[in-house]
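2 protein chains.
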Amino acid sequence: MGKETEFVKEIASKEKDFSQWYVDVVRKAELADYTPIKGCMVIKPYGYSLWENMQAGLDKRIKETGHQNAYFPLFIPESLLKREAEHVEGFAPEVAWVTQGGSQKLEERMAVRPTSEAIICSLYSKWVKSWRDLPILLNQWANIVRWEKVTRLFLRTTEFLWQEGHTVHRTAEEAEEETLKILFEVYQDFIEKELAIPVIIGRKTEKEKFAGALHTYTLEALMTDGKVLQAGTSHNLGQNFAKAFNIKYLDEDQQEKYVWQTSWGTTTRLIGALVMVHGDERGLKLPPRVAPIQVIIVPIMFDKTKKEVLEKAEEIKAILKTNFRVEIDARDEYTPGWKFNAWELKGVPLRLEIGPKDLSQGQVVLVRRDSGEKITVKEERLGETVEEWLDKIQENLRAKAKEFLEENIREVSDYNEFKVVIEEKKGLIKAYWCGKGDCEEKIKEETKASIRCIPFEPGENSGTGRCIYCGKESSTLVYFARAY
Amino acid sequence: MGKETEFVKEIASKEKDFSQWYVDVVRKAELADYTPIKGCMVIKPYGYSLWENMQAGLDKRIKETGHQNAYFPLFIPESLLKREAEHVEGFAPEVAWVTQGGSQKLEERMAVRPTSEAIICSLYSKWVKSWRDLPILLNQWANIVRWEKVTRLFLRTTEFLWQEGHTVHRTAEEAEEETLKILFEVYQDFIEKELAIPVIIGRKTEKEKFAGALHTYTLEALMTDGKVLQAGTSHNLGQNFAKAFNIKYLDEDQQEKYVWQTSWGTTTRLIGALVMVHGDERGLKLPPRVAPIQVIIVPIMFDKTKKEVLEKAEEIKAILKTNFRVEIDARDEYTPGWKFNAWELKGVPLRLEIGPKDLSQGQVVLVRRDSGEKITVKEERLGETVEEWLDKIQENLRAKAKEFLEENIREVSDYNEFKVVIEEKKGLIKAYWCGKGDCEEKIKEETKASIRCIPFEPGENSGTGRCIYCGKESSTLVYFARAY
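Line by line, the protein sequences are chains A and B. Take the first sequence: its position 188, counted from the start at 1, is 188 in the numbering used here, and no numbers get skipped. Take the second sequence: its position 484, counted from the start at 1, is 1484 in the numbering used here, and no numbers get skipped.
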């Protein structure tokens, strides 16, 4: 046991130092690491494989809802970025600028894309001519650069990976429908079903919306330290960019009209959410649907029986491989106990142990990462048991996260209580808000809690109450939280 | 017929103006287009879907040969890029430099990656400690920036997409084995089987090798205008980067040793090769294995029977969809003839026509893009016939390209003849070369033909002859060509 405890000691206590625990897990589980470039991370193979599985789940949904992928330039000339006033104001402070190409100083400096509305809209203005050209439903997988002062692996880095959708529509109604379709059918469906993360959904306030949008919808996830993380956003851009970039179409009635647009994105931040929602003192817990390795086979090797055990392990791997992502850890230099810890840290959903005794009895031992539950399974029932257990683990992770979320939403009507709750209990606070930016800002200044969203749910906003800050009567009930 | 001829007129004649034909096909087939950013292209959905299919074929082979994907930073501090002297000398003239982040001037300017050896090696120097850490077998899918003066869609653009492999080995033998494995098992296999493009394989000369490599292997493909395009390269880096970046490991014998490395890449240039190898006067011809649409269904619609024909088309699509990439073109505003041309231009391998007469006879008409061959197929045999024909088209494209390549390799032993052949017939010239850079450079200056590679094939280099330029006796027979 000595060595096993030692191993777990490599990561800080989640209970005592969440922030250090997070960094330790990300690094020791080999998801990502620091680089010599300030604020830029390297996504290591295990983390990238997780991202590939996430991409597959998102890309499938993006395509099923009628979108196609394309690729637009990395660089955006300053003049293009400046076209939409709110947009440039929002992004200029965090832009990396290219000013030299080869030995030549550029006449106009170019932004390394902080988001692609400007370059894409400049092209859409050429592509769109008639109502027959609409809608345009495109998505791009790309790298993004934002010059951040304080960075954290996955959560806030100078460069990150994402998908960004950019669509063009004939009517305001179509654009709004698209914005909501992405929110629910693509993002919520993906995040809840694949990542097992429940989300709170709603609209952002004017202050928190995307720079240049008419309004922004968001999906907010609660981390186990009580802080909230924005998991995805879907923006209704209205006609703001259409007017700034002159994107017009000739309608059936022979009138020239400005188009209506949307944009929407999710990023490698979601990997950070996975760590912080499901992880525990022993490390990562990955939902089976996106786990790079779903089953890790640890052969229990003694000198005498090593050969047979390894052969059987390979045989089992070959069988499971047709339906599952499975690997064998046959390293000689580590004890089984060390390996158990190592793969728990990496969050592999199921461990399969096989030793000489199991061999003679035609069975293996399965251990669940989420609950620690252990069973002996006859070889002939292995395939179906693995499938069943992976489903159970996926569902259990989701249920636990859902329970935690529900336990940590508190309705508060007194500002002093608000301050105590946000400081001591954290989580989400539901409170009435008068709708004024002043109150919103004061609350943020005084408590570090921001309005995460104005929810949709019918009935939710049907009552009235007093603004948690100024006391003015209001019918708007919103979610507050401290956020990543 | 008037309208159909008109349509084809939208692209220049391949025979008369190959260069304009290429640009027309790329743009009108909607593979890619220009953007307001000098030298940067937008890859449009049809082109990107083609790239996704190519990525899938390459990624599968890269993973099957034991590699994993990862993601490294876009930015490389100048000091890192400068570590390996030949490397920086090779790339510095074409680097885009970031000099400002937000409102701040950077203390050290950063290159937007022109290739990632420098940043990756700086991390490998931290990751590699013991012989147990080796080999490291990583690949990255990423965007790359090289400040090009003259650009052409896909062939040479300021930004392009690629994969770059970077591996670390314990011995020189292992590194060489890896370099060759990538060359043959990954690149040649992919390019010949999926893209139906035959390649000439060999080693680059000192002058043409990758900046910083020990030696570079290359795959060269012949375009139908007689110029050659480098389709992929695999570099044995030796210990050059290991020494520059101090990448050492403690070997089993307790000695510290420098590692041996490789790097290798293929890019979106391959899309340009597809256009130029298989295309004809009517536009693209895509190999079925990577075609975004393998079968285009064109319903022949008359007012009276339109409904039934469309229903049948949808029914056929639903059946074919389980095994093939299939779409219906049901647009009202275009004639069938116009659609035939449009999908030929886009290179869709098979056209499926269905009209009222076919309906009553339980049959459809299939037309091959590559040969124009047309057959009537009974509905019940449709699935197998489509599969069979797609295989035939794939094979026919490969065979035609192979034939063209073989017809355009000429052995020449006299320099005057060399000049005439390269000017009038183009293609590849096989000639002896003394091995001196002087002769190589003079030939390039005088004929624009460079040495594409020194081939491997046994026997190929077994004879001797006189250097085509200086006349010195030599046993090195090489391939010359003008290149993209």
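Among the hints, erroneous ones may be present.
Unchecked claim - Residues from chain B that keep clear of chain A, each with C-beta distances beyond 10 Å, as calculated:
no. : residue
1   : K1044
2   : P1073
3   : E1094
4   : R1109
5   : R1132
6   : K1321
As the list claims (entries may be wrong) - Quick list of in silico lysine-lysine cross-link-like pairs, DSS-like style, CA-CA up to 27 Å:
no. : chain 1 : residue 1 : chain 2 : residue 2
7   : A       : K38       : B       : K1243
8   : A       : K243      : B       : K1444
9   : A       : K38       : B       : K1181
10  : B       : K1321     : B       : K1248
11  : B       : K1060     : A       : K321
12  : A       : K28       : A       : K207
13  : B       : K1038     : A       : K28
14  : B       : K1082     : A       : K105
15  : A       : K321      : B       : K1181
16  : B       : K1105     : A       : K38
17  : B       : K1181     : B       : K1060
Stated by the list, open to error - One-sided and incomplete, this derived list gives chain A residues near chain B with beta-carbon spacing under 8 Å:
no. : residue
18  : Q100
19  : G101
20  : E159
What the hints contain is simulated information worked out from the structure, not anything from laboratory work. Keep in mind the model is a prediction, meaning the values are calculated, not measured. All C-beta atoms, glycine included, are put in the ideal place defined by N, C-alpha and C.
Status of the hints after comparison with the structure:
1. K1044: For B:K1044, whose nearest Cβ neighbour in chain A is about 6 Å away, the distance does not exceed 10 Å, so it is violated.
2. P1073: 4 Å, violated
3. E1094: Per Cβ check, B:E1094 is inside 10 Å of chain A; nearest 5 Å; violated.
4. R1109: Answer for B:R1109: violated, closest chain A Cβ roughly 7 Å.
5. R1132: 7 Å, violated
6. K1321: For B:K1321, whose nearest Cβ neighbour in chain A is about 13 Å away, the distance exceeds 10 Å, so it holds.
7. A:K38 with B:K1243: With Cα atoms ~24 Å apart, A:K38 and B:K1243 stay inside 27 Å; holds.
8. A:K243 with B:K1444: Judged against 27 Å, a Cα distance of about 52 Å means the pair is violated.
9. A:K38 with B:K1181: 36 Å, violated
10. B:K1321 with B:K1248: 53 Å, violated
11. B:K1060 with A:K321: 16 Å, holds
12. A:K28 with A:K207: Violated. A:K28 to A:K207 sits at ~38 Å, over the 27 Å cutoff.
13. B:K1038 with A:K28: Roughly 43 Å separates the two Cα atoms, so the pair is violated.
14. B:K1082 with A:K105: Holds - the C-alpha atoms of A:K105 and B:K1082 are around 20 Å apart, at most 27 Å.
15. A:K321 with B:K1181: It holds: about 25 Å lies between the C-alpha atoms, which stays within 27 Å.
16. B:K1105 with A:K38: 14 Å, holds
17. B:K1181 with B:K1060: With Cα atoms ~14 Å apart, B:K1181 and B:K1060 stay inside 27 Å; holds.
18. Q100: This interface hint holds because 4 Å falls under the 8 Å limit.
19. G101: 4 Å, holds
20. E159: It holds, given that the least Cβ distance between A:E159 and chain B is near 5 Å, below 8 Å.
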